[in-house]
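Trainee: Could you build the full structure based on these sequences and the hints that come with them?
UniProt numbering numbers the first residue of the sequence shown as 1 and each following residue consecutively.
Think of the hints as simulated: they come from the structure by calculation, not from any bench. Here the structure is a predicted model, which means the values were calculated and not measured. A virtual CB, placed ideally from N, CA and C, is assigned to each residue, including glycine. Any given hint might turn out to be false.
Computed spacing ranges between beta-carbons, pair by pair [what the hints assert, rightly or not]: (1) His6 <-> Leu256: 55 to 63 Å; (2) Gly245 <-> Val225: 20 to 28 Å; (3) His191 <-> Ala230: 20 to 28 Å; (4) Val148 <-> Gln75: 46 to 54 Å; (5) Lys141 <-> Leu8: 26 to 34 Å; (6) Lys89 <-> Ser185: 38 to 46 Å; (7) Asp161 <-> Leu256: 52 to 60 Å; (8) Asp226 <-> Glu263: 22 to 30 Å; (9) Ser87 <-> Lys150: 33 to 41 Å.
No more than 30 Å apart at the CA atoms, straight line, and that leaves these computed lysine-lysine pairs for BS3-like [said to hold, decoys possible]: (10) Lys89 <-> Lys32; (11) Lys32 <-> Lys15; (12) Lys126 <-> Lys32; (13) Lys7 <-> Lys32; (14) Lys93 <-> Lys7; (15) Lys153 <-> Lys200; (16) Lys89 <-> Lys150; (17) Lys32 <-> Lys141; (18) Lys7 <-> Lys141; (19) Lys141 <-> Lys200; (20) Lys93 <-> Lys153; (21) Lys126 <-> Lys153; (22) Lys200 <-> Lys260; (23) Lys48 <-> Lys150; (24) Lys141 <-> Lys48; (25) Lys32 <-> Lys93; (26) Lys93 <-> Lys126; (27) Lys89 <-> Lys15; (28) Lys89 <-> Lys260; (29) Lys32 <-> Lys153; (30) Lys89 <-> Lys153; (31) Lys150 <-> Lys7; (32) Lys150 <-> Lys15; (33) Lys153 <-> Lys141; (34) Lys89 <-> Lys141.
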Amino acid sequence: MEDILHKLGLESLCKRFDEENITPSIVCKLSKYDLQCLGLVSSSDMMKLRVVCIKFGNPAPMQMKDSRKKYEISQTVLENLLERGFSIKDISKLLAVSERTIYRRMTHYGLTSCSFTDIDDDDLDKVLEETTLQFPRCGEKMLRQLLVTKGIKVTRSRIRDALGRVDSDGTEERKKRRLHRRVYSVPAPNHLWHIDTNHKLIRWNFEISGGIDGFSRYVVFLNCVDNNRAETIFSYFQFGVQNNGIPMRVRSDQGLENLKVAEYMLTAR
Numbered sequence: 001m002e003d004i005l006h007k008l009g010l011e012s013l014c015k016r017f018d019e020e021n022i023t024p025s026i027v028c029k030l031s032k033y034d035l036q037c038l039g040l041v042s043s044s045d046m047m048k049l050r051v052v053c054i055k056f057g058n059p060a061p062m063q064m065k066d067s068r069k070k071y072e073i074s075q076t077v078l079e080n081l082l083e084r085g086f087s088i089k090d091i092s093k094l095l096a097v098s099e100r101t102i103y104r105r106m107t108h109y110g111l112t113s114c115s116f117t118d119i120d121d122d123d124l125d126k127v128l129e130e131t132t133l134q135f136p137r138c139g140e141k142m143l144r145q146l147l148v149t150k151g152i153k154v155t156r157s158r159i160r161d162a163l164g165r166v167d168s169d170g171t172e173e174r175k176k177r178r179l180h181r182r183v184y185s186v187p188a189p190n191h192l193w194h195i196d197t198n199h200k201l202i203r204w205n206f207e208i209s210g211g212i213d214g215f216s217r218y219v220v221f222l223n224c225v226d227n228n229r230a231e232t233i234f235s236y237f238q239f240g241v242q243n244n245g246i247p248m249r250v251r252s253d254q255g256l257e258n259l260k261v262a263e264y265m266l267t268a269r
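Mentor: Now the structure itself:
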């Protein structure tokens with residue numbers, strides 16, 4: 001235990017851990033209050049210690065009567081990891097077991113990854129008011145993370161409602177800095193075509209090539225082919241030109257399959 005504490009820079013706690021006979025195998029079974037009594041105040045230090053000691057508190061799988069192996073994962077370990085906001089995927093990696101095993105243990109212990117703190121609106125408003133005074137420019141996502149560090153986990157909808165009650169002016173101010181999307185506008189038909197190729201089915205030798213008119217969203221050509229050569233794409237582009245006329249401009253990515261189309265447009269326009 002002493003080596004682990006020195007490794008994490010917590011050597012000042014060695015004496016207290018030794019007096020209480022705390023070993024790495026039981027660290028993960030201690031609650032947050034227990035660790036605070038041992039002198040560990042920082043939540044990040046608690047989690048670092050638990051992560052290092054978790055391999056000592058997770059014994060080898062037990063051999064069952066029907067030859068299946070069962071990993072013993074304590075309820076306290078799962079509760080602590082879920083409280084700290086770890087995802088099921090991260091927990092399975094930490095404990096070196098499958099995600100399915102984590103879900104089975106959670107069902108067995110009656111745990112859920114979506115458990116929220118039981119706090120009424122008045123208390124939540126007080127906490128948020130203090131937090132917004134300290135961090136006036138924080139939005140919903142950041143405030144939610146700050147509340148988690150204080151041991152309070154609530155839904156974003158409750159945070160949004162609480163912000164409307166305690167910081168309505170700040171909410172309106174943040175809305176002014178919201179990202180404004182560009183307006184897509186094309187003045188007339190055949191003014192701009194968009195062409196592209198979809199490669200999602202390449203493993204089955206299918207390439208989907210298509211073009212669309214930016215003004216009307218009319219599909220000028222759409223074909224499924226077995227190659228992605230520039231000649232093939234250009235032949236279908238010509239089909240669209242014969243039926244709909246030559247576009248003023250064509251927009252595409254910089255793939256070599258669009259080279260013939262680019263050369264044609266430079267010549268024709």
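Trainee: Hint by hint, note whether the structure agrees.
Mentor: Now for the hints, and whether the structure bears them out:
1. The hinted range of 55 to 63 Å is satisfied by His6 and Leu256, whose Cβ atoms lie roughly 58 Å apart.
2. For Gly245 paired with Val225, a C-beta distance near 23 Å keeps the hint of 20 to 28 Å intact.
3. Evaluation of the 20 to 28 Å hint for His191 and Ala230 yields a pass: the beta carbon distance comes to about 24 Å.
4. Val148 and Gln75 have their C-beta atoms about 21 Å apart, which leaves the hinted 46 to 54 Å range violated.
5. Between Lys141 and Leu8 the CB atoms are about 30 Å apart, so this pair conforms to the stated range of 26 to 34 Å.
6. Remark: the range hint 38 to 46 Å for Lys89 to Ser185 is upheld by a beta-carbon distance near 43 Å.
7. Between Asp161 and Leu256 the CB atoms are about 53 Å apart, so this pair conforms to the stated range of 52 to 60 Å.
8. Between Asp226 and Glu263 the beta carbon distance is about 23 Å. The supplied range of 22 to 30 Å therefore holds.
9. Look at Ser87 against Lys150: about 21 Å separates their beta carbons, and that is not inside 33 to 41 Å.
10. Distance restraint check for Lys89 and Lys32: the Cα-Cα separation of roughly 23 Å lies within the 30 Å cut-off, and the hinted pair is therefore satisfied.
11. Restraint check: the Cα-Cα separation between Lys32 and Lys15 comes to about 19 Å, which is no more than 30 Å; the hinted pair holds.
12. Note on Lys126 and Lys32: the hinted pairing holds, with a Cα-Cα distance of about 24 Å set against a maximum of 30 Å.
13. For the suggested pair Lys7 and Lys32, the alpha carbons sit about 21 Å apart, so the restraint of at most 30 Å is met.
14. With a CA separation close to 22 Å, the supplied pair Lys93 and Lys7 stays within the 30 Å bound.
15. Of the supplied pair hints, the one linking Lys153 and Lys200 is violated, its CA atoms being roughly 40 Å apart against a limit of 30 Å.
16. Restraint check: the Cα-Cα separation between Lys89 and Lys150 comes to about 24 Å, which is no more than 30 Å; the hinted pair holds.
17. Pair hint Lys32 plus Lys141 holds up; C-alpha atoms about 25 Å apart against a cutoff of 30 Å.
18. For a cut-off of 30 Å, the pair hint linking Lys7 to Lys141 is broken: about 33 Å separates their Cα positions.
19. Annotation: proposed proximity of Lys141 to Lys200 is violated, straight-line Cα distance about 34 Å (limit 30 Å).
20. For the hint linking Lys93 to Lys153, the alpha-carbon distance of about 24 Å falls within 30 Å, and the restraint holds.
21. Distance check on the hinted pair: Lys126 and Lys153 sit about 15 Å apart at the alpha-carbon level, within 30 Å; holds.
22. The straight-line distance between the Cα atoms of Lys200 and Lys260 is roughly 23 Å, inside the 30 Å bound, and the hint therefore holds.
23. Note on Lys48 and Lys150: the hinted pairing holds, with a Cα-Cα distance of about 18 Å set against a maximum of 30 Å.
24. Using a Cα cut-off of 30 Å, the hinted pair Lys141 and Lys48 holds, with the two alpha carbons roughly 24 Å apart.
25. A C-alpha spacing of about 22 Å is found between Lys32 and Lys93, which places the hinted pair at or below 30 Å, so the restraint holds.
26. With a CA separation close to 37 Å, the supplied pair Lys93 and Lys126 exceeds the 30 Å bound.
27. A hinted pair counts as satisfied when its Cα atoms are at most 30 Å apart, and Lys89 with Lys15 does not qualify at roughly 36 Å.
28. For a cut-off of 30 Å, the pair hint linking Lys89 to Lys260 is broken: about 47 Å separates their Cα positions.
29. A C-alpha spacing of about 16 Å is found between Lys32 and Lys153, which places the hinted pair at or below 30 Å, so the restraint holds.
30. This hinted pair checks out: Lys89 and Lys153 have alpha carbons roughly 20 Å apart, not beyond 30 Å.
31. Taking the CA atoms of Lys150 and Lys7, the gap is about 27 Å. The hint holds against a cut of 30 Å.
32. Restraint check for Lys150 and Lys15: the C-alpha separation of about 28 Å stays at or below 30 Å, so the hint holds.
33. Between Lys153 and Lys141, the direct Cα distance comes to roughly 12 Å. Compliance with the 30 Å bound is thereby established for this hinted pair.
34. Distance hint between Lys89 and Lys141 is fulfilled; the C-alpha atoms sit about 21 Å from each other, no more than 30 Å.
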